[in-house]
Structures are given as structure tokens and as C-alpha cells.
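A.B. asks: Residues per chain, in single letters:
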Amino acid sequence: MSTLAYTIGDSRVMLRRNLKHQLRYPSMTLMLIGMPIVLLALFVYVFGGQLGAGLGVHEGRSAYLDYVVPGLMLVTVAAAVQGTSIMVAMDMTGGIIDRFRTMAIARASVLIGHVLGSLLQTLGALGALIGVAFALGFRSAGKPLGWLAAIGMLVLFAFALIWLAVALGLAARSVETASNTPMILFLLVFLSSGFVRTDTMPVGLRQFAEYQPFSPIVDSVRGLLTDAPVGSHALIAVAWSVGIAVASYFWAIRLYNQRRAVTPT
Amino acid sequence: MSGRIGTPGIVATGVRKSFDDHLVLDDVSLTVEEGAIFALLGPNGAGKTTIVRILSTLIEAESGTMSIAGHDVATEPDRVRAVIGVTGQFSAVDNLLTGTENLQLMADLRHLGRDAGRRRVVDLLEQFDLTDAADKLLSAYSGGMRRRLDLAMTLVGEPRVIFLDEPTTGLDPRSRLTMWEIIRGLAAAGVTILLTTQNLDEADQLADRIAVLDHGRIVAEGTPAELKRRIPGGHVRLHFTEPDALASAARVLHVSAPDDDEFVLQVPDDGTVDSLRVLLDDLHRGGIAVDRVSIHTPDLDDVFLAVTGGTVAREVGATRHRPGRTAEGATVG
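These protein sequence lines map, in sequence, to chains R and Y.
Using the working numbering, read the first sequence as starting at 1 and increasing by one per residue.
Using the working numbering, read the second sequence as starting at 1001 and increasing by one per residue.
What the hints contain is simulated information worked out from the structure, not anything from laboratory work.
Every value quoted in this text rests on a predicted model; they were computed, and no experiment measured them.
Backbone N, C-alpha and C define an ideal beta-carbon position, used for all residues, glycine too.
Worth double-checking, as some hints may not be accurate.
[Said to hold, decoys possible] To spell it out: a stretch of chain R is covered by chain Y in this simulated footprint if at least three of its residues, at any positions, have a beta carbon under 8 Å from a beta carbon of chain Y; those stretches are:
| # | stretch |
| --- | --- |
| 1 | 2-14 |
| 2 | 56-66 |
| 3 | 83-96 |
| 4 | 100-114 |
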């Protein structure tokens, strides 16, 4: 077998392991999938009446539901990668990683398994969110091609954040740290155009919200799902995603190769 | 998985390693013949785990050359990895999988193929007495079961050279005996084994050769019989109830009194009836009241005292109060 065939074979084994972990750790998996849905209900039924009143053209609770779904899609992505970070740190702080390192396997397969497993989990969580959103009355004017583009954009962004979470998980000294650091991503969704229009924010915050990566992605997805023009948002969104993915990938690989014995003797 | 016939299982020459200016391994050389069991004996911090990590390609040495089954560790790490198996000090099992799944994971990563992999998993479960627990998650496993599974995982790829870092630390006596049996069986099947231990008895029981590692240097090496000849033969411990008696006894017996609060004096002695009689007579003549006496057969501490010329005696003494093989004697007045 060639090196590539080994890498693919070993990565498949690692992916299967990762998916099994998700099933064996259902409390985390369900929390990561369920939390965005709970937030959806919270924002639509508790805050939605008031927040929907300030939307402009279309107003009210159902208009807010349509508005907030793209934001919650990013919450879903941010929540899912928290799981990635935890799973990676669990591997790295346990003894099993040393076993893998003393075996003649494709080294990258450990990380590839985590990345693909998380990507599948994220897609599953997004599917669940979209299903519930439709059940609650979400209506999209987006065309099939628009939906496809939106999902493609979310997958690309998820891929970028998953690599970032892998790096954070590798950098963390403990599983606790690994579960806390990705929280910042969560906060960034709230400090974006995900839940409210940025022009309602005070000036400094508004500038931050408009220039951080989550806003162009939310705006693009929202545009694609409402069949509205997305303009330059899409390009900026893709640029952010690719940039984060590349930088995180190299950071993660560096950390992975650098890792040394925690206990020297 | 072929190595060159007739080449030693493990050869290391002049291995040095330091962590942040702290020299952990200083010019360590060792040779383990194919199919032999070699024990690295030493206390915590001697560098045992570091040498295992270097030889098993986990970390790099600063200098020195090493080969495993004829493959150079520095230049052909993947060839080395294909022939070795490592069971570290901390369990390297996947806690979210069952016993079968852990073994199957190893079989998949060793590219054994579907049927051969399954057969190997079933065989190992049987061999390591884990068949009943095969489909339980590892959270239901006892310490001994985890250690057995850990070793079984190491053996999935039928490695020709195995590293066992303190394989029995923390095991109950029965599990320890089981583990010894397994290790002997592997060596009998031609597997080369390097194991580390803090326990002289374990090295004695298992190893063809023993190297004593102290502060990153090999301070003695030989067969168990050769090493034991260098041990003076244990000591007796005299327990006193008050410091004056301790001081007098130290004077009479020409040994230095320890400056701790335990009122225990340790005297080199081979534990024979004649030498004990002489010792007790000396104390009796001096009118010194001894509370109790205990006889201590040679253990790791004594090997250390013997081979390091007593320079580490005090440090070793710090670990002395773990349960050793001590026979309590009668109260002497």
C-alpha cells in the first residue's frame, strides 16, 4: 500500500473511533446538539416578540425567527467545536496518544479522525437545528442553489473552526482548559449580526461586530437563505474561513509535532 | 516484520538526554540479546522512563546510537515502530471503548486485515482472561484487568521487541504474579523484553540481566546472581524507645545514628543466627535496652548502597519506609 492509502485507511479507523466516542459520551454530544435548539426557542419565544419589533421592514416574532436562524447556525458550529477541543485534549492528556506514536501509523490520522468526526457531528447538529426551526415556522425564500451555497459556507467555516479547536485542544494542558477556551467563539456569535442588527449597537462595539469573522458569514448565510443579494459578504466570509483554517492547521500540526513528555523521567 | 537474524534485540550506546539543563541520562549503554529479558532497576527519577521513551521513538536522544532489531532508532523510526510494542507506566487504553474495541482498534491500525484481526482479538482476550469482560466499557475494568488489556493491545501486532515501563506497579500480588507469567511466556516465545522496575525481587524473578540505573547512569550491570553477590546481605533494624539508648547502641556498634525521630538504628547484617547473637550480645554487654528488632532481607535499597558506595544512602533512605520484606523479631530486653 502507498503512503496515501495508509493515511486514508488509518484516518478511517480514527474517524470510526471518534464517532464511537460521540456515542459513548452522549451527555456531551446531546448538549452540543441540544443547546442551540434551546437557545432558538429562548430567543424566538422569550426575546423574539421584542427583538422582532425592531427589525425594520418585516416585523414580529415570526420575522425574528427567520432573522435569527443563521445566527443560531453559527452557535451550533461554535458549540460543536468545543466538543472537538475537549476530545482532542482528552486524547493528548491520556496515555493512548503515546501508544499511537509508538506505532507505525500515519501520524496525521489521529487529527484527521477528530476533524472529520467533528465535521459530521456539526452537520448532524445543523440538520437538527434546521429541522426544529422549520417545525417552529421558519420559512426560507432561498433557492436550492442558495441553500447549497449556505451549507457549503457553513461547512467551510466549521472546518476552519474545527482546526482552530484542534489547536486549542492540543495547546491546553488539561481537559478543563480545553473546554473553556473555545467559549470565546461562542461570545463572538453574540457580538456579531447573528442576533441583532449591528446598526443598533454603540459605535465601538458596532465596528468590532462588523469587522469580526462571524458577521460576514451570518450575513452571507442569511442572504442566501432569504434569496437576497449577499454582495461582498460572501467573499469576505470565505477569505476569513480559509485564513482561519490555514493558520489553525499549521498551528495544530506544529503543536502536535512539538509535543513532548509532560513528565520528564 | 523481519529483523536481521543474530542481531541483538536492543543495542544502545552512549545515550545522553537532558531536560532544561538537567541531565537525565548520562552515557547510557546497554545490549539486550534477542529473546532475553533485561531489567532496568532504579528508583523514581533515575531515568528509566526516559530511556524507554527514547528507545520507543517517543522522544529523541541528544547523542548516542540505538538500534532495535537491527533498525536505527534515529533514522528509521517507522521501521522500529513496526517491530516494537510499548506498555507505558500510565495506561494507554481508550476508556470510551470496550475491551474488544480497544484490541480491534490496534488490529486495524496494524493493518492485520478483517479476519486475521478478529481472530487475533479473540485469541488475546482468551489468553489474557478478558473474554468475560470483552464487551464491557473500560470504566468497569479493575486495575489488573486494565493492565492486562494494555499489554494485550501491545501484543496485537506480534512485536519482536517489547518495552514494559513498570508493568506491575500498583498491581495486587495476584495480578503481579499473572503479569510475571505472561512476561515469561513472551520471552519463551522469542520476544525481546526491556522492562523497568523499582522492585529487586521482580528483576530477580524475571530478568536474564539487570542494570541498576541511578541519576541517569548505569552504576551496575550483570546477571541477578552477579548482582546479588555484590549485596552485603541485608541489615537488621533496632527499634528503641528513647534517644539515649539509640546513641549508646550506635557507639557500641560503630554505626552512625540517624537524626530523625524514629529511634531506629540500622545495622548491616546478613540475618544469620550467629551474627544476630553477636549483635545482641554486644548490646546486652553495653546494658542497652532494645525495644524490638527486625531483620531486613536485601532489597533495592541495599543494591543501591552496595553499588553506589553509600553516596545515595540518605536519599534512598527517604523511600525506606515502604513495606519491604521485613521479618519482625522478638522483643529483646
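A.B. asks: Each hint: holds or not?
C.D. replies: Consistency of the hints with the structure:
no.	hint	in the structure
1	2-14	holds (count 4)
2	56-66	violated (count 0)
3	83-96	holds (count 3)
4	100-114	holds (count 6)
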